Each structure stands twice: as C-alpha cells, then as structure tokens.
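Colleague: Read off the chains here:
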Amino acid sequence: MSQTTMIVGLDGSDAGKRALDFAKTRAKLIGDCHILLVYVIEWSPFSFQTAEENEKRHARREEELNLAHERVVGPAVQEAEAEGCSVEGIVRHGDVAEILEGLAKKREASQIVVGRMGERNMKERLFGGVTGRLVAASTVPITVIP
Amino acid sequence: MKRFITSGIAATALSLPTLAAAQEAVSFDQKVNDIFASSTGWFVNLIFAPLPGTAFPWIVLWLVVAATIFTVYFGFIQIKAFGHAISLVKGDYTDPNDAGEVSHFQALTTALSGTVGLGNIAGVAVAVGIGGPGATFWMIVAGLLGMASKFTECTLGVKYRNEYADGTVSGGPMYYMTKGFKERGLPGGKVLAVIFAIFTIGGALGGGNMFQANQAHAQITQITGDFSGVITGVIFAAIVFAVIAGGIKSIANVTEKIVPFMGVLYVLAALIILIVNYDQIGWAFGQIFAGAFTGLGVAGGFVGALIQGFKRAAFSNEAGVGSAAIAHSAVRTKEPVTEGVVSLLEPFIDTVVICTMTALVITISGVLVVDPATGNFVLNEAGTAIKTIDGSSGVALTSAAFATGFSWFPYVLAVAVVLFAFSTMISWSYYGLKAWTYLFGEGKKTEMTFKVIFCFFIIVGAAAQLGAVIDFSDAMIFAMAVVNITALYFLMPIVKREMNSYFGRLKSGEIVKHEQ
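Residue numbers (my numbering), protein chains in the order written: chain A, 0 to 145; chain B, 16 to 531.
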C-alpha cells in the first residue's frame, strides 16, 4: 500500500498545535503516514505597494520565510520527528485556503487537518474565514480542531 | 505626469492676499521668482522652444518621434503583446515558488500611482479647452505610441538593475546607461547617467513635489476659502516625512488603498455620466474625429488640436521620461521583457482609458460653449481657448463637467486631487532618492539629507505661486526625456534581442503558464 499523506495547517496558535497533535495520533494509528506541516504567510500579489516596499520586498520575503521556519515550522517538525513521525515542513506566501487545497491535490493527500480560527475582521465576518473557505472548496476530507 | 497649466482657481486664490502672511509670501515668491527666472529662463526656453515657424514644442516632437520609432522597430509590440501583458499581470506566468515577491501587478500599480493624477483630471481639461475635442484623438494616438517607449525603458530598467547583497534592488535609466553602454562598448554612458540623475532630482523636487503641493493647496482653498499655503505645506510635509523618513507604513498603506479606490471611483463616475448621456456618445466621438482634422473653429485649428493632444499625453503618461523604469525595476522576474510588456499597459490605462473618459465627459457635459448657428465652438475674449459656461479652465473645468452629472462630485474630486498629489509626491520622492543615491552613494545619512530637502520643498511649493520655479522643474522632467531617449536609441538593439528570444521561447512552448 502506498504511503498516506496528511496535511496540517499551522499558524503559530494553540489551535494549530492541537491540529498537529491530532495529526500525530492519527499518523501513528495509520502507520505508514507522512505529515506535511504547512505554514502560510498571508500575502496577495494584487495588493498595492509603494516603490520603496517593492525595492525591499525580496529581502523582506527571505526574512519572513526564515522567521516562520525558525519559530513555528522548525520546532514543530523537530517535535514530530522526535516522536518518530515522518514529517516535512513547508512555508509559503499566499492565501491559506488556496495553498492548502493546492498542496493536497499536488501531493495527493488523503486529508487536511487545521485548527479552528475565529473571524478576525469584518471582511472575514462577511465572506467567511479561512477555515470556512477551505471547507467549502476542498476536494479532500477536512478535520477542523476546535 | 500630473501637471497642468495653472488653473484660474489657483491664480484667484493666491491673488487675494487677505492675510498678512499671504502678502509676505507674495513678496517672498516674487524674489524667488525673479532669481529663478533670470538664472534658469534660458533652460526653460530651450526645452520648450517651438519648432521654427510653429507653436509646436520640439520636446513634444522628440517624444512622439521616439515613440513612433520604437513602435515600428519593435513591430507594433503594443498590439502584439497586449493580451500577453494582461496574462502576465494576472499572474499566469508567475512561478508559484516566487509567491511573496513583487508581482507584475504590484510593479504596474506602483508605477501607475506616479502617473495617474492631475494630468488625467486637469491636463485633459486644458487640452480639450484649448484644442477642442479633436485634441482627444491625438492624445489617444500619442498614448498608444507611448506604450512602445515604456516597453523599451522598462525592459532595460529590469535588465540592468543593481541587486545588492542584502536582497534590495535599485534600477532605472542611470543603471542601464552605465551598464548597457559598457556592454555595447559605447562611450559616455556614465556622463549620460550623471546628467539624467541631476535632471531627475530637479524634476522630483519640482513637478513631482512643488507643483503637486501647489495645486493641492489651490484645490483645498477652493472649498475652504483662502488661507496661507504654509499651513497646507507644513501638514503635507509632515505626513510625507512620516512616510518616507519615519517609515510610518500605516499612512502609506491607507494611501495605497484610497488612491486606487479614487481612480476607480473617478472612472465609474465618468462611465455613469456617459451611460446617462449615451445618446450623445456618438456625437462626442464625431466631434473628436472631426475636430482632430478640421479643428471645428478652435484656437489654432487642427494643428492646435494636434499640439494640445500630443503635449498633454506626453505630460500625463511620462512615456520616454525614464521615471517608470525606476518604478518597474523592483519586480521579481527572470525575464526583463515581461516587465516591459506589462509596463506598456501603463500609458494605455493612463492616457487611452482615463484621459479619454475625462475628455468625453467634458465634451458631453456641454461646458464648452458651441455656436448654435455654425455648430462650431466659440472662443473666449482673448481668443486663446474655447469659451466655457462658467469661464473655468483646468481642474475647475473638469469639476464643472462632472458636476453636471453629480452636484457633489467637485468635493470628491477635490479629495481625489489632494490624494493623487500625495501619491505622486511619494512616488517622485523615491525617483529623486534613487537619483540622489546614484550621485552621492547609498547610505542612511545621504538618504536622510535628500528626504529633508524634499519635504522642505513641499512647504515652498504649497506656500508660493512660483511660476518660474515650476517651469524650470517641468523643463527638468522633460530634459530627463532628452537624455533617456538618447540612451534608448543606443540600447534598443539589446531590447530587440531580448524580445525576440522571449517571444521565440513563448511560441516554442519553452515558456509555459504555471498551474497555480
């Protein structure tokens, strides 16, 4: 039987940690399971920026990627590896729902596990938060951890 | 570029020196004017000199001829690559692994925020007011040709930018002049770059700063009544300083969101007025086409329409000036041609779409007085422009035209003018800074010196009616085009090589769309 892949969305919050714990338990039960830990830095190519921001964008992006690896993904990967899980950490810029869904397709994941996130602002109240959009668009089963 | 001939409002507002401060300012202005006029008048006259026997400034011909040459040399790239430009802006060809880098859309909108503004609102009113609706036709022609100039300069801007160890980038004509000339084994690149940088600093302090502050103040006083420009200047300077030197991102962020919103609102308002008067659109286009070749009785006849159209398009979209090459060079792409292709949308949006909207609204609104007997336009007493229903010109004419559709629109327009002026200042502070650091080296102290000078000039610009200073600054911006286009002629074979290679690979399927 081929290896099962499970995607876990991290956001540095406690809910994200609980999602990882849930995934680790499931992975151990499944046996041959690979966990993909994904941290998404919210970013849109269609936002408006000043010339100075554009000039420094490349450097800033590197910084953001390093910080995310250092503070969130790196420690989570270490922790999961220490428990004997097969795990890989990924940091991407973009829309959380789109990236998790895209990766699920590309890596043929069997499910996505995310922590529940509250609606953070008016826009999310009106159009739904990340979790809601992900559930609405996903092609694989999703587990939302409260 | 956001420049227009000083409107009646500005002149009226500043000719009513009810406050003692204003009177002092006038005498101060007079002194500065005199010193500037006597020492720089020759330069202004040189740049804006008409061709012998005509009223056609040679600098406008210089820009239009260059745009035509680039159009032919690159095989009508503006038509050929238009669809591809939209695909690139949509992100179809962006590698998903580059997410988080400056996108084509961001580079385009940053450059646009430097050009969309007063030129589109007031410059067009000046063109139509003097040259009649026919000026619109020539403005569109110049806008379409200018797309090829942008393509050339922005491709080079990305190709020869400097990438530093800390990940930041610096680009623009200074860099393609030095590196590109060296690569082709041509002498004089460094000299051109230094001259260009000097003109850019002058243009940034003048047209990109003092003129903007001056017109923003004129707009504010139209609504609030007259008060000292020093107050507007200090407030503007403080906000600009907070953004460019203090790194107060929140202000920049607010502007970034409001300015495009204002642009969209402006176009929407124009569209609504056009839809409501849909039965006159055919007539308006008829006026534009007929006026383009006959003049319909406007000042200077059809030549007047042609000059005004070409002039305002060049002033509005800055194609060939070189400023856009600085703004576009921060994009993340392995193919410089892609940014050149994207940049050709800039004159299209700025001139062909937004300027035409303004021109149509002015024509349809009936603010220009037509002789019912002949159907031709009636000239004002001086015979210099078309008579308007309330005697207004410049931004006030646009305001009056929009007010025929929405009585409250002049208020929105005033806010838009102030915000556009602000965003132009931010953009030009960056262009000026890049030229400054090119001359004096990168470094915190050097940069701060320029930023302080820049903010000081905002106060001077808002407080005074410095005709001579502004003429000189505008001359500086167009002098940038003299140097820049000279360099473009020498470097265009490089762009052609890049273009052929890129489109060849696109055709062969080597370059493909990315699955997002």
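Hints may be right or wrong, so weigh each one.
[To be verified] Taking lysine to aspartate or glutamate pairs in the EDC-like style, the calculated list, with each CA pair at most 16 Å apart, reads:
(1) A:LYS105 to A:GLU87
(2) B:LYS349 to B:ASP49
(3) A:LYS55 to B:ASP113
(4) B:LYS459 to B:ASP181
(5) B:LYS528 to B:ASP107
(6) A:LYS27 to A:GLU61
(7) B:LYS511 to B:GLU350
(8) B:LYS522 to B:GLU396
(9) B:LYS528 to B:ASP294
(10) B:LYS349 to B:ASP113
(11) A:LYS55 to B:GLU178
(12) A:LYS55 to B:GLU457
(13) A:LYS55 to B:ASP107
(14) B:LYS349 to B:GLU525
(15) B:LYS272 to A:GLU78
Calculated from the structure, these hints are not laboratory results. Just so we're clear, the structure is a prediction, and the values are computed from it rather than from any experiment.
Colleague: Run the structure past the numbered hints and jot down the numbers of the failing ones, going up.
Modeller: Numbers 2, 6, 8, 9, 13, 15, in rising order.
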